[in-house]
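K.L.:
Sequence:
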Amino acid sequence: MQHTKSYAYLALAMMLVGANIGFGKAIIAVMPVLVFGLLRFVIAVVVMAPQFFKAAPRLQRHEWLTLFGQAFFGTFLFTLCMLYGVQHTTATAAGVITSTLPAAVAILSRLILKERLQPRTLASILLAIAGIAVLNLSKSGSGDGGQAPLLGNLLVLAAVACEATYVVLSKRLTQTLSPMRITAYSHLFGLLLMLPFGLTAALSYDFSQVTPGMWLLMLWYALAASVIAFWLWLTGTKHVQANVAGIFTALMPLAAAFIGVVFLHESLSWGHFAALALVLAGIAVASWPQPMKTAQEV
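Using full-length UniProt numbering, the letters of the sequence shown map in sequence onto residues 1 to 298.
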């Protein structure tokens, strides 16, 4: 029963992340990226404000520096790259590209943390690279994603690299800080980084053109990205092995494709299906649970 609930939490977390790709594309169709980016951080910081007043040990200098690095890559640059990326490509293509995150984390873990890559991890990385190559070589995303789908795909790929950096840096901080405290401070830094750019853009933007429904969608995006999906994922992984949890990342591109096709009226091409198949195969290869070793094998 406990595992069933955990699986449900993990599935919901990844579906929210995938759906937010399409929702973000819909929002920036009526609001500049910098304005939306600023509002997203304001909402997140307000909601997570209690984390700043909790009784906890004082942060060390290296923790502050790591938190700033997380904020710069995982919140500030990630938000800009992702939102500008989906301006030029489809939500479906962006969903496929973002699902390569486990492979990107594996690469950076090897480069930064010197973690050893298993053979099946290498196979997963190669499949993910092949999926992105197919997506860019095909005409996926042209016609309903923007004027420059290749530029959009590259920006989304840059967003994946930024998020992978955030994950790798988190491995150092989770030994001493709670995940929610890490998230709160990284969003606070993200707000400070975005403020000069977003505030300038906001002063010249006519907010009267934003409908009540779009304001609600913006609020949901910020809450889902910064709090709800994060809490669901952490709760789910408490009783599930990391490699099993990794399988659920396959739901992210499926949710993005659903929002893209049903609500944004995007079309699917052979490139989308082929790229998605390659990336999902890579996730399965890397995440599928290994059989337990017997006493003689050990």
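Derived from the structure by calculation, the hints contain no laboratory data. Take the hints with a grain of salt, since some may be wrong.
[To be verified] Taking CB as the label site, the calculated pair distances span:
(1) P119 with Q209: 35 to 41 Å
(2) R61 with S204: 34 to 40 Å
(3) V46 with L203: 36 to 42 Å
(4) Q60 with Q209: 45 to 51 Å
(5) S204 with I112: 27 to 33 Å
(6) W220 with R110: 33 to 39 Å
(7) K238 with A133: 46 to 52 Å
(8) L151 with L195: 23 to 29 Å
(9) F53 with L234: 17 to 23 Å
(10) L126 with K5: 30 to 36 Å
Treat the numbers as computed from the prediction; the structure is a model and nothing was measured. Ideal Cβ positions, reconstructed from N, Cα and C, are used throughout, including at glycine.
K.L.:
If a hint holds in the structure, say so; if it doesn't, say that too.
P.N.:
How the hints compare with the structure:
In this structure the supplied range 35 to 41 Å is violated for P119 paired with Q209, their Cβ-Cβ distance being about 54 Å. Between R61 and S204 the beta carbons are some 39 Å apart, a value that agrees with the proposed interval 34 to 40 Å. About 20 Å separates the C-beta atoms of V46 and L203, a value inconsistent with the hinted range of 36 to 42 Å. Separation of Q60 from Q209 is about 46 Å and conforms to the stated range, judged on CB atoms against 45 to 51 Å.
Checked against the hint of 27 to 33 Å, the C-beta distance between S204 and I112 comes to roughly 40 Å, which is inconsistent with it. Taken as a hint, the range 33 to 39 Å holds for the pair W220 and R110, whose Cβ atoms sit roughly 36 Å apart. The supplied range of 46 to 52 Å is broken by K238 and A133, whose beta-carbon atoms lie about 37 Å from each other. Judged by the Cβ atoms, the range 23 to 29 Å given for L151 and L195 holds: they are separated by roughly 26 Å.
Taken as a hint, the range 17 to 23 Å holds for the pair F53 and L234, whose Cβ atoms sit roughly 21 Å apart. For L126 and K5, the hinted distance range of 30 to 36 Å is satisfied, since their beta carbons lie about 35 Å from each other.
Hints 1, 3, 5, 7 from the earlier list are contradicted by this structure; the remaining hints agree with it.
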